[in-house]
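Start from the sequences and build out the full structure, keeping to the hints where you can.
There are 4 protein chains.
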Amino acid sequence: MANKVNLNADIGEGFGAYDIGNDAELMEVIRSASIACGFHAGDPLTMRRLVAHAARSGVSVGAHPGFNDLWGFGRRRITMPPEDLEYLIAYQIGALQAMARYEDLSVTHLKPHGALNNMAADDEKLALAIGRAIQATDAKIIYVALAGSAMHSAANALGLRLAREGFADRQYDDDGNLASRSIPGTVIKDPAVAREQAIRMVRDGEVVSRHGKVIPVEVETLCVHGDEATGVAVAREVRRGLEEAGIAVLPLPELID
Amino acid sequence: MANKVNLNADIGEGFGAYDIGNDAELMEVIRSASIACGFHAGDPLTMRRLVAHAARSGVSVGAHPGFNDLWGFGRRRITMPPEDLEYLIAYQIGALQAMARYEDLSVTHLKPHGALNNMAADDEKLALAIGRAIQATDAKIIYVALAGSAMHSAANALGLRLAREGFADRQYDDDGNLASRSIPGTVIKDPAVAREQAIRMVRDGEVVSRHGKVIPVEVETLCVHGDEATGVAVAREVRRGLEEAGIAVLPLPELID
Amino acid sequence: MANKVNLNADIGEGFGAYDIGNDAELMEVIRSASIACGFHAGDPLTMRRLVAHAARSGVSVGAHPGFNDLWGFGRRRITMPPEDLEYLIAYQIGALQAMARYEDLSVTHLKPHGALNNMAADDEKLALAIGRAIQATDAKIIYVALAGSAMHSAANALGLRLAREGFADRQYDDDGNLASRSIPGTVIKDPAVAREQAIRMVRDGEVVSRHGKVIPVEVETLCVHGDEATGVAVAREVRRGLEEAGIAVLPLPELID
Amino acid sequence: MANKVNLNADIGEGFGAYDIGNDAELMEVIRSASIACGFHAGDPLTMRRLVAHAARSGVSVGAHPGFNDLWGFGRRRITMPPEDLEYLIAYQIGALQAMARYEDLSVTHLKPHGALNNMAADDEKLALAIGRAIQATDAKIIYVALAGSAMHSAANALGLRLAREGFADRQYDDDGNLASRSIPGTVIKDPAVAREQAIRMVRDGEVVSRHGKVIPVEVETLCVHGDEATGVAVAREVRRGLEEAGIAVLPLPELID
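Protein chains in written order, with our numbering: chain A, 591 to 847; chain B, 591 to 847; chain C, 591 to 847; chain D, 591 to 847.
Any given hint could turn out to be false.
[To be verified] Straight-line alpha carbon distances no greater than 30 Å define the calculated DSSO-like cross-link-like pairs of lysine-lysine that follow:
| no. | chain 1 | residue 1 | chain 2 | residue 2 |
| --- | --- | --- | --- | --- |
| 1 | B | LYS594 | B | LYS779 |
| 2 | A | LYS803 | A | LYS594 |
| 3 | C | LYS803 | C | LYS594 |
| 4 | C | LYS715 | A | LYS715 |
| 5 | B | LYS803 | B | LYS594 |
| 6 | B | LYS730 | B | LYS594 |
| 7 | D | LYS730 | C | LYS730 |
| 8 | C | LYS779 | C | LYS594 |
| 9 | A | LYS730 | B | LYS730 |
| 10 | D | LYS715 | B | LYS715 |
[What the hints assert, rightly or not] Computed far set for chain A versus chain B, every beta-carbon distance over 10 Å:
| no. | residue |
| --- | --- |
| 11 | LYS594 |
| 12 | ILE610 |
| 13 | SER647 |
| 14 | ALA685 |
| 15 | ASN708 |
| 16 | GLU714 |
| 17 | ALA737 |
| 18 | LEU748 |
| 19 | ARG760 |
| 20 | ARG790 |
| 21 | GLU833 |
Quick caveat, the hints were computed from the structure, so don't treat them as lab data. In this text the structure is predicted, and so the values were computed from the model without any measurement. Glycine included, C-beta positions come from ideal geometry on N, C-alpha and C.
What follows is the structure, given as structure tokens:
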């Protein structure tokens with residue numbers, strides 16, 4: 591259906607002595623980076639370095655905020671009132687905006703991390719709180735969300751720009767949700783398979799679930815990962831495949847009205 | 591010499607369950623608030639609340655960044671390369687800017703906290719690092735610094751706006767430095783004494799040291815404190831005294847070119 | 591029914607620049623202190639100081655572990671696998687044991703804090719995880735728990751010593767649970783009322799709910815609080831009342847077999 | 591001179607999502623592990639896992655405490671009063687003791703990390719503070735220190751057991767100090783060279799500096815590192831070399847009276 595798409599990854603999730611995720615290589619493949627903001631991972635130095643890399647490579651910069659939980663890597667659910675969450679997010683956006691200003695860049699999208707992403711996908715109050723943080727800090731920021739999630743609705747309710755996200759390197763369940771990483775085989779490690787899935791999602795608006803069911807999908811951005819050994823090779827093949835299929839792979843701000 | 595001055599205080603140094611410093615009362619007396627940014631104290635919710643209070647009360651908003659050290663309240667010296675420090679400061683400025691945007695306010699000054707303030711007063715590289723963080727995030731931010739300190743020089747070297755700070759409620763040594771808090775009597779608790787010192791500093795450009803020596807001072811801003819039981823009463827009397835002496839007490843952006 | 595009981599309070603929930611809860615005064619009233627362990631509140635210096643105070647005052651020392659969440663004061667629910675929780679608790683117990691050793695004291699009880707306490711009261715897996723942390727660090731530690739909670743069952747299942755806890759300064763609902771603090775009047779601020787409730791709980795094994803229903807209760811320890819302005823006065827009157835009623839108020843290790 | 595020595599490494603310096611240092615392989619080579627205690631690195635789960643590994647592999651367990659500084663990996667100097675430091679160390683020892691108790695192990699040595707190690711090597715007050723933390727938590731704990739450092743003196747002054755440490759995989763300066771890592775070539779990556787240096791240090795009580803000077807050394811323990819790509823191979827060859835030279839490689843408690 592579409593002849594253009596964005597390619598994004600979570601970036602900057604190491605800090606200090608810790609380096610994970612093959613940031614440097616991924617940054618040459620993706621067009622939009624969701625940069626950790628120092629709460630679940632990342633630190634000011636890492637954020638600054640990756641913003642500079644983004645500027646050099648023509649990658650657009652997004653915030654990847656998470657819970658304040660280094661030990662849990664933002665994967666632990668933490669309950670708090672929506673208002674508290676809103677300011678937690680605004681704080682992280684602002685911190686990244688400061689780093690982006692070093693390169694005359696803006697923070698142009700936001701994608702919640704880990705447990706926060708899972709909770710906000712289901713809970714409208716949390717999804718709206720994140721949306722209000724966007725409105726307050728920069729209303730042009732694109733809200734990256736799973737199609738059909740509470741974040742999708744929240745973006746619409748608040749009149750925010752939205753990019754619906756699909757996954758090039760992960761299998762889907764029949765209901766259109768991502769299959770759990772804990773099920774063997776659900777992380778796609780064969781570059782050719784990921785390439786095919788990515789093209790089909792964008793060009794045909796559908797994905798084949800791990801049980802063989804064809805599911806309609808609408809995506810403006812495809813996520814790839816750097817934390818698997820195979821991740822960068824998969825990401826490269828996804829990008830090459832998309833471009834060879836005549837699909838333009840663009841930074842998010844060039845894609846979303 | 592001068593017929594106008596600013597009155598500032600460190601604000602928002604509690605968080606969560608912790609409330610210190612009589613923020614609410616002080617905010618009605620001062621004209622500029624140096625708000626803790628979540629590293630040595632403060633949290634997003636507290637920052638947000640105080641920015642709202644500042645907007646209501648016509649108080650200008652400044653960043654009060656510190657080391658990342660809740661247990662030490664930012665009073666422990668932490669050594670790091672100037673570049674690391676620069677981004678640590680930029681991060682905190684950005685976070686507060688996000689909160690300020692909720693009220694259509696800008697962050698208009700910066701005053702380092704505690705051990706960072708002490709280190710940057712003596713160390714030109716750190717003072718310049720803080721200055722570069724200001725330049726990168728908003729070059730109009732006023733650098734609040736002790737006259738004659740390395741921060742004073744750094745502000746000049748970088749062409750930044752500067753506000754030289756004096757203390758209304760603290761005694762001075764003969765060399766023009768603040769006398770240590772650990773010496774009994776150096777924290778001025780008598781409102782009348784603080785009032786007199788404040789007026790003399792602004793009107794006459796001088797302060798009398800705790801040994802009786804008259805020292806020339808140049809100040810654009812006077813600091814008061816809320817953490818002593820007597821602090822708010824002292825601050826109120828300082829403001830009343832200044833105004834009764836015909837000295838306008840203005841927010842920093844109205845005072846500094 | 592009983593002629594003896596323990597009186598406990600949460601202690602050491604400030605740290606660094608932050609002082610809350612009237613620790614010094616409460617320590618002269620209670621017989622057992624549940625000391626924060628540096629995760630939701632407290633720090634090594636505060637722990638050390640309160641252990642010394644406990645030694646001087648004949649107060650027994652217990653661990654008051656919480657989630658690793660200073661900003662949320664341990665009041666935010668954080669989900670994690672039971673195994674992770676177990677080691678989080680063992681870590682905190684061990685840290686407090688080190689402090690207790692300075693005074694040749696042992697950590698003799700454990701009471702979870704805030705959201706952790708609420709979660710473990712309902713969730714048997716979490717309650718057992720806490721119990722296993724007790725077993726591993728010192729199997730003689732008394733598990734303080736609401737009667738009938740999952741922690742009560744877990745203590746029994748693991749063969750741990752148990753102290754069932756009631757509240758002298760809080761109203762109960764008809765179902766025997768504590769009434770929410772958010773309902774006006776549920777925090778008992780009148781010393782005489784708290785005194786009467788405490789005596790009746792211990793002597794008669796019953797409490798009158800806020801709607802007037804008489805509920806059977808079994809308690810080995812009564813909790814009082816220092817964070818209300820009235821807290822210390824209430825606690826003092828509770829202790830005086832119990833003793834005047836002929837009820838011995840003992841440290842937990844002298845009370846629980 | 592000696593026919594026995596210990597081989598130690600810093601272990602458990604990842605946490606959560608972060609894995610560094612090749613812990614699993616190093617644990618099969620060394621005889622004593624200095625385990626990070628959650629302040630500069632590590633977390634309760636990692637500590638627990640490595641204590642279990644130590645028990646399986648006959649490796650003795652030591653504390654590797656550091657400053658409370660995850661972002662700086664404990665490599666930033668933080669100034670605090672000796673008393674504060676003492677309790678910071680005691681806290682970490684206690685936390686690790688709790689984990690060790692799961693395996694019926696004791697914490698049998700202590701080696702400060704990073705900036706703390708550097709500061710305590712020069713500053714007697716800090717070195718004594720660490721020693722007092724050892725005395726309070728378990729006076730049998732062996733203080734691992736550079737020969738001739740303030741920690742060496744502190745251990746003697748307090749009557750603590752001491753293990754003087756040398757480095758198998760690092761070059762020395764002519765004055766007997768370690769050459770800075772920032773100088774190319776000072777990290778020994780050739781297993782044969784490290785092996786030779788290790789044997790000569792133990793057997794002959796001397797090391798050849800990077801400028802060719804023969805320096806007398808006395809060591810009870812040799813440190814190896816896992817953070818270089820070559821680290822494990824170097825460590826393996828050091829151990830093999832020592833044993834082939836007839837030098838017994840023992841856990842610290844079997845070596846130090």
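Report the numbers of all earlier hints that the structure fails to satisfy, in ascending order. 14
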